[in-house]
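Place chain D on chain C using the hints.
Note that the protein sequences, when read in sequence, are chains C and D. Taken in order, the first sequence gives residues 1 to 708; the numbers are from this note's numbering. Taken in order, the second sequence gives residues 1 to 102; the numbers are from this note's numbering.
These are computed hints drawn from the structure, not numbers from a lab. Treat the hints loosely; a few may be bogus.
Said to hold, decoys possible - Facing chain C, from chain D, some residues (calculated, C-beta under 10 angstroms): (1) V23; (2) S25; (3) A94; (4) Q98.
As the list claims (entries may be wrong) - Using C-beta positions, here's what the derived DEER-type ranges look like: (5) C/L703 with D/A84: 25 to 31 angstroms; (6) C/L703 with D/F66: 27 to 33 angstroms; (7) D/F66 with C/A696: 27 to 33 angstroms; (8) C/G667 with D/V69: 18 to 24 angstroms; (9) D/A13 with C/V665: 51 to 57 angstroms; (10) D/L9 with C/Y693: 21 to 27 angstroms.
Said to hold, decoys possible - Computed list of chain C residues with no C-beta within reach of chain D, every gap over 10 angstroms: (11) I60; (12) R118; (13) I242; (14) E363; (15) L382; (16) V616; (17) Q673.
Predicted model only: the values in this text are computed from it and were never measured. Cβ atoms here follow ideal geometry from the backbone N, Cα and C, with glycine treated the same way.
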Amino acid sequence: MSDNAILYSALAILGLPLLSYVLIFFFGKKLPRQGDFIGVGLMGIAQLLAIRIFIAFWKIGDPSYRVEKAFTWLDLGGFRIDAGILVDGMTAVMLMVVCIVSFLVHLYSVGYMHGDRRYARYFAFLGFFTFSMMGIVLANNLFFLYMFWELVGLSSYLLIGFFFHKHSAANANKKAFLTNRVGDWGFWLGILAFFTATGTLNYFELFAHVHAGTIKGALLGWAGVALFLGCVGKSAQMPLHIWLPDAMEGPTPVSALIHAATMVAAGVYMVARLAPLFGADAMMVILYVGAITAFITSTIALVKTDIKRVLAFSTLSQLGYMVMALGAGDPTNAMFHLTTHAMFKALLFLGAGSVIHAVHSQEMGDMGGLRKKMPITFVTFLVATLALSGVPFFAGFYSKDGILGSTLAFGMTSGHYVPFILGITAAAITPFYMFRLVFRTFFGKPQIQEKYDHAHESPLSMTIPLMTLGVLSIIAAGWQTADKGWFAKFAAPYDVPAISAEFNIESTGDHLVVHDEHAQAGHDAETSVEAAHGDEHGADDTHGEEAHGEHHDVAHTAHVRAMVMSISMALLGITLSWWVYYRKKVNTGALQKKFHGAYTVLQGMYFFDELYHATVYPFTLWVASVCAAFDRIVIDGIVNGTGYLTRMVSWISGLIDNYFVDGAVNGVAAVLQGAGEGFRRIQTGRIQTYLAYVSASVLILVLVYRVL
Amino acid sequence: MNVGLPHFLTISAALFALGLFAVMSRRNAIGILMGVELMLNASNINFVAFSRYVQHGIDGQIMAAFVIVLAAAEAAVALAIVLAMFRNFGTVHADTVQSLKR
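Extracted from the complex, chain C is given alone in its bound form (with noise of 0.2 angstroms):
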């Protein structure tokens, strides 16, 4: 595949769903079953196009390897912004992910929205998502990704709002969109850092800016956890995770395409694009956040009760990984859990969905014993469990085992292991309230019979979606080794250069390659290229053998006793999981008394919500009421003064009107009228009046000639 038919594919993948969106709001109403096909065929094509370049970057094999096109969109004398599409590896695999999930989602809502009054106007937002999405996937610079960030952002509020008739739903895609909103406050911040430092918004040129030190130091730290600070908003982290469990209000579909798959990794997938761009400070607070993210959000997961918020927060802990993996410098295991994790969560939510559209609840206490009556679902359902659990042979174990083991590898190497010791508890707990799910849903006795009874399986609109992601929850990570997965085709790890200074090491083994991506940004691509090659494989036969070997030790170690941790964690949690739900030999309930502060506490959600309404809350309404005083005072005093001084020079120029220039106006009719008056007196009609008039003045001009 040529770089063109390449550049042509990724743009034909920004354009279908646009399209899409287009026709099916424009016109969805008047095509035959409001055009749902329109945009399940056209994200069809969009998917095979992915499948495509795929396909190509795959047979190219190299990491480094990038298409890249731009034109001029503004130009200001010294303030130039570009519009253009990058395609690398990373993006491949970017639009493979959102293209399979988003052909399957739609699919799929075929069968779950069937019915709904505004159809076609959630096929449209279906496809004006998917659109944002492709964009951030193949902006080449900072600008454009910002933008298709909101456009993002504008979609997911449409989305989740769209039962916009619940006060609920309403309420959460206000609190999703001004939670977000002070993530990309940072975000924007973050790119103005950079711009104003480097002068350019470009991903490589920035690249080689930071790698060159035209912005360094604190500015740097600075800006990049400015930047970050829009992953926290999108990818739902720590302080802002809040908006991500209440966005469920949402159609379950959407939830599993937005929600667990695509948008939420849109931070994560920024973060790791840009990766050059952060300095150790921001990489340490990324790596904390991550960690301190994926820990806290799996133990609330722990006692809800409604389905889709249990993987809600699952999904806040799988994304707290990826962001703790970004933070360890390794993009490419972040990235390649991002993948996977799009997969089996997806499923997670189709299936999810299946039930809750089967029993028309989402309470666990309404479920049980579903195994029977929805076979499809319950296999797929507990694929994607265990993929998500962390058992070998399935999709998730091998990312979620490259996270951790370079996590560690971090904390052998720095000293720094509390993200570790965090992330591996979360692997424990995460099997355990999985298969908490899983049992309290499909095994056991029908909590409420009549509800049971009515359950049934999902069409095969529904069904085929679950199949698909299924198989590709599997085979998703391949079947090599979990640290030399196919992955490193396509995303090649940064040399992330602070951090390497900082810690004083070359790489983290396998997956810190010291690679030359930064000189390739420069103008003599060719031969930085084939150096850079040089370098990587000299590195393994002759000079820096004994330093790249140690490190090599230490990764692989780490990775070694990483990868028997996490299996022992996720067996350890299945079989809790199992004995306390499924044997049912513990009592829950009694535990709940006996540990109430703990339990209030996580299902109080570590009360963030009533920490920001006890904050946040009466800040901004202190803020508004000052605004509104300044409003009020000076604002209106000023309006109302300007009114005031309009009306004085009004009333003065009204006296001036009156008197000056209608007394000219009257003072000339006056004095006509007055000279008519006494000119009438001289024209009496009598011609001998006329000639006397004639005769004295002949007279009166001889006398004056003969006197002068």
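Frame of chain C, contents of chain D only:
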């Protein structure tokens, strides 16, 4: 007594003044017309007198002949106007004909 230019001019002036007085004081349009004739004749005397005493040519006499012709034409037109006036207004009094004034 040697008759000279001043005598002619004095008679002419008197005649002119009489004509003017007639024009100004008469109500009857015929009277006014007659006054005009007097004034024209006064000017004729002036022409002839100046021609005789000052210029010593016949230019004045020729001019006087022109004036006489003109006076005849004028009288014809004026009398026609007076007739038309009488026909329309039933009077020859100039001061009662005032329709243009309104």
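Hint-by-hint comparison with the structure:
{"no.": "1", "hint": "V23", "verdict": "6 angstroms, holds"}
{"no.": "2", "hint": "S25", "verdict": "7 angstroms, holds"}
{"no.": "3", "hint": "A94", "verdict": "6 angstroms, holds"}
{"no.": "4", "hint": "Q98", "verdict": "5 angstroms, holds"}
{"no.": "5", "hint": "C/L703 with D/A84: 25 to 31 angstroms", "verdict": "39 angstroms, violated"}
{"no.": "6", "hint": "C/L703 with D/F66: 27 to 33 angstroms", "verdict": "30 angstroms, holds"}
{"no.": "7", "hint": "D/F66 with C/A696: 27 to 33 angstroms", "verdict": "29 angstroms, holds"}
{"no.": "8", "hint": "C/G667 with D/V69: 18 to 24 angstroms", "verdict": "55 angstroms, violated"}
{"no.": "9", "hint": "D/A13 with C/V665: 51 to 57 angstroms", "verdict": "53 angstroms, holds"}
{"no.": "10", "hint": "D/L9 with C/Y693: 21 to 27 angstroms", "verdict": "25 angstroms, holds"}
{"no.": "11", "hint": "I60", "verdict": "110 angstroms, holds"}
{"no.": "12", "hint": "R118", "verdict": "85 angstroms, holds"}
{"no.": "13", "hint": "I242", "verdict": "98 angstroms, holds"}
{"no.": "14", "hint": "E363", "verdict": "107 angstroms, holds"}
{"no.": "15", "hint": "L382", "verdict": "118 angstroms, holds"}
{"no.": "16", "hint": "V616", "verdict": "93 angstroms, holds"}
{"no.": "17", "hint": "Q673", "verdict": "19 angstroms, holds"}
The structure shown violates the earlier hints numbered 5 and 8.
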